[in-house]
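**Student:** Protein chains in written order, with this note's numbering: chain A, 24 to 278; chain B, 1460 to 1693.
It should be emphasised that the hints constitute simulated quantities derived from the structure, not laboratory data. Where a beta carbon is used, it is the ideal one built from N, C-alpha and C, also for glycine. You may find that some hints are simply not true.
[What the hints assert, rightly or not] To give an idea of the chain A side of the interface with chain B (calculated C-beta under 7 Å), a few residues: (1) R37; (2) A41; (3) H109; (4) H110; (5) E119; (6) D276.
[What the hints assert, rightly or not] Calculated Cβ distances over 10 Å to all of chain A for the following chain B residues: (7) T1469; (8) R1473; (9) V1512; (10) D1541; (11) R1556; (12) G1629; (13) L1648; (14) E1650.
Take a look at the letters that make up each chain.
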Amino acid sequence: MSTFVHTTVTAEVRRLRATRSTTVSLLAVLAFTAFIAVATVLLAGHQENGPLTAHNLDDAIRAPAKVLGFVLLLVGVLLSAGEHRHHTVVPTLLAEPRRRRVVAAKVTAMAGLGAVAALAVAALVAAVSVPMLATHDAPAQHLAALPAGVLALVVTSVGYGVLGVALGLLLRNQTTALVTALVWQFVVEGILPVVLRAPSLPTYLPGGAVSSLARLGHHTAHGALPAWQGGMLFTAYAVGLVLVATVVSVPRDVT
Amino acid sequence: MTTITLHDLTKRYRDVTAVDHLSLEVRAGAVTGFLGPNGAGKSTTMRMLLGLVQPTARTATFDGVRYAALPHPARTVGALLDPGVFHPGHRGRSALRIVAAATGVPDRRVDEVLDVVGLTDAARRRVGGYSMGMRQRLALAGALLGDPETLVLDEPANGLDPEGMRWLRGFLRRLAGEGRTVLVSSHVLAELAQSVDDVVIIARGRLVTAGGMSDLLASHHQTVLEELFLDLTS
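Let the hints inform the model, and build the full structure from the sequences given.
**Tutor:** This is the structure we're talking about:
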């Protein structure tokens, strides 16, 4: 186990750190998150925005769940499908020909990055929001709810990153994997329930599960799941797709 | 001292047989040239040897052990299959550090192999800005990271300038002199003829001939490897 972490996982962590698009996209999410946190406080009470409340900090921490998740899904796709695009899969599999270990290393590295990114976003939101809420007479009093919000953000980020790795392994083509993710998000989860006249369907799809977990949007209109069930369902999707991707990708020839 | 053994190795892609019951042995302490026309099955054979392509039948081994079953595969066998195996956005040193971690060798080895292939000065540049010859040297550095007993090199002279080719020739000779096993494929037959001890020629996935180069030339009444190759494969 320690050898696996010391070698294969370390290699994947180094791959993530050496790839500029990973760093740039995560820094962009951090900047976007800070901007939204500031804008939420400054625009509260104006036009159709509600007034500030003690729950604003908790909401602000959960708010970036899908944006951060989508970026991590993209990074996960780059980590797995990108190996085929740039042929780096050859030295990867020469160094570790036991392919299940390579899959496990990618999932582990991506889960780690997801957790770190989520904690960084939560810390940034807190650092920006707490002083601003205090100066706007809405100090964050309900701190007891914060761990649940942070946990939701971590689970969402880890899950999306792992889904990205699995999608990339399954499809091998970076562009196809990214287009598939977009089609899933906007067509399967957005339009299909309308076409099928099944408004409750999205609740049980990955995006709906994340909405339930992070208490985002207005899913309650068609019955959101309890947060813990949303988390379990989303985790099941991520684990399921990793298992399918492993079974499909491991026996493939690398030509 | 590692011997590479291919026993009845076969690979079929639907109706196409890329490698057809190929059997041969590559001995330690020698440079063995692996020759064949385009589409002869050289690259497929090397990829089966290294576990990247699954054989349809039989297997290829290093001292009787499949590549994937070796305790430390990349520290036992170093391979160069394609110069374009590094992310163009990564710096040369970073790219090798990723492979070094996966191989389980210390980072100081990265600087050693960069020095061996003459890329120390370019180590901080991004791979996307490397010339073809520099990429080839970087891929060779990757193959050497684990200080392996065996080297499997597919067209290592591609993109090298005359000085690079001369360096490669001396380098391969030195490795064989240390008792290592070196299997190298190339289309540059005149160049290869100056490096190899043994020759394996395949065509249409089948073994045409194998043996010591001087013995093969003598038995076929040829004096030049290129003539022998054309005589046997045309």
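**Student:** What hint numbers does the structure not satisfy?
**Tutor:** Hints 9, 10 and 11 are the ones this structure does not satisfy, whereas the remaining hints hold.
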